[in-house]
Amino acid sequence: MTILIVDDAAFMRMRLKKLLTGQGFAVEEASDGKEAVARYQALNPDCVLMDITMPEMSGIDALQEIRRIDPEARVIMVSALGQQAMVIQAIQHGAKDFIVKPYEPDRVLSALTKVLPVQKS
Amino acid sequence: MEANVEQVMSIWGKICGPGLEEASRALSRMTGLSFTMEDKAVSEVEWKDILDKFDARHAAELYAVNLGATGLIPTRIILIFSPENSRRLVSAMMGEDVPLPLDDVGLSALGEVGNVVGTAFLNVFANIFGEVFEPTVPQVRQGQGSSVFPVLPARQKVLVTEALFRVTGETLWGEIMIAPLTKGAK
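Protein chains in written order, with the numbering used here: chain A, 1 to 121; chain B, 1 to 186.
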């Protein structure tokens, strides 16, 4: 399964990539909302981990654009503490779950388990 | 709740300890490392004195993380590290020795420290005032002396905390500056 990581912070992308590739996921990256929309259209990933606060296009705007392109898109928002209002907005726009930064690896994996379809063996 | 800059400064001064404790927990969660931070000295100074102090250090090379906060009173939060302390901090976070100057990933790691510390302080502050504060995207600057700082009014009051960071066998110093902006400042 392919996960698209969207975060303007290279360090955060590196951490998530390390965690997810270690769990057998294929990982693609984008560093802002605009790039995320383009990468989503090109790659059709199974899930998107989307930071909220980014320059260029915010995570909320990118979520709306991705959901417009693909109403079934699975997007998990990554927020900082204190961004409750934006998390609610994201859920209203179709985000499937949210993770609060700084997060523990288990929280990321449990959100993905909840959102991703169960693979049949 | 109404508040003026003097009240805000007074409260910031009192929450340095709890703010750093919350930041330590958050950084530990984020990195899986054992982070602790302590405030060793807290002082209130004017911005012009900070500029003088840093420029008097023979314009030493510095790394600065700048972020803002919106809310009750707009605030600038600035973290300052020497290059060597930045390198040691980022190396600990990345689990490998990184060289100087820091590359994009290293600068981003330092930015995340600023983000976590700033957000932790804002959360403690928000709990007191019952109001949500939102941090802005951190900007990391590298340069000499005061060139890494934002432009603030000379008479702007700033709370300076000398903080001791301990992480996986490394002990290093940083300075955290908090400036609740007076009217007209950006």
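No wet-lab data here; the hints were simulated from the structure.
All C-beta atoms in this analysis are idealised placements derived from N, C-alpha and C, irrespective of residue type, glycine included.
A few of these clues could be false.
Ranges between beta-carbon positions, derived for each pair [what the hints assert, rightly or not]:
hint	chain 1	residue 1	chain 2	residue 2	range
1	A	Val100	B	Gly169	48 to 56 Å
2	A	Ile91	B	Gln139	25 to 33 Å
3	B	Arg155	A	Ala85	30 to 38 Å
4	B	Asp97	A	Lys17	32 to 40 Å
5	A	Gln92	B	Gly143	37 to 45 Å
6	B	Ile128	A	Pro55	29 to 37 Å
7	A	Leu43	B	Ser34	20 to 28 Å
Every beta carbon over 12 Å from chain A, so not counted as near; a handful from chain B, in silico [stated by the list, open to error]:
hint	residue
8	Val8
9	Ser28
10	Val42
11	Glu44
12	Ile73
13	Glu84
14	Met93
15	Gly118
16	Thr119
17	Pro135
18	Thr136
19	Val137
20	Phe149
21	Arg155
22	Thr168
**Message:** Quick check for students: does the CB of Ser28 of chain B sit more than 12 Å from each CB in chain A?
**Reply:** violated, 9 Å
**Prompt:** For Glu44 of chain B, is the shortest beta carbon distance to chain A beyond 12 Å?
**Reply:** Correct as stated: the minimum Cβ-Cβ distance to chain A is 25 Å, above 12 Å.
**Message:** Verify the CB-CB distance for Asp97 of chain B and Lys17 of chain A against the hinted window 32 to 40 Å.
**Reply:** violated, 20 Å
**Message:** According to the definition I'm using, a residue is off the interface if its beta carbon is farther than 12 Å from all beta carbons of the partner; does Thr136 of chain B meet that for chain A?
**Reply:** violated, 8 Å
**Asked** Does Val8 of chain B really sit off the interface, with its C-beta more than 12 Å from all C-beta atoms of chain A?
**Response** Val8 of chain B is indeed farther than 12 Å from all Cβ atoms of chain A, at 17 Å.
**Item:** Val100 of chain A versus Gly169 of chain B beta-carbon gap, inside 48 to 56 Å or not
**Value:** violated, 29 Å
**Asked** Do the Cβ positions of Ile91 of chain A and Gln139 of chain B conform to the proposed distance bound of 25 to 33 Å?
**Response** Since the Cβ atoms of Ile91 of chain A and Gln139 of chain B sit about 29 Å apart, the hinted range of 25 to 33 Å holds.
**Asked** Does Ile73 of chain B really sit off the interface, with its C-beta more than 12 Å from all C-beta atoms of chain A?
**Response** Fine: 15 Å to the nearest Cβ keeps Ile73 of chain B off the interface.
**Asked** That 29 to 37 Å hint for Ile128 of chain B and Pro55 of chain A (C-beta), does it hold up?
**Response** Distance hint for Ile128 of chain B, Pro55 of chain A holds at roughly 30 Å.
**Asked** Would you say Met93 of chain B is clear of chain A, with no C-beta pair closer than or equal to 12 Å?
**Response** Violated, since 7 Å does not exceed 12 Å.
**Separation of Val137 of chain B from chain A, once the least beta-carbon distance is taken, above 12 Å** = violated, 6 Å
**Request:** Could you check that no beta carbon of chain A comes within 12 Å of the beta carbon of Thr168 of chain B?
**Result:** holds, 16 Å
Hints 1, 4, 7, 9, 14, 15, 16, 17, 18 and 19 from the earlier list are contradicted by this structure; the remaining hints agree with it.
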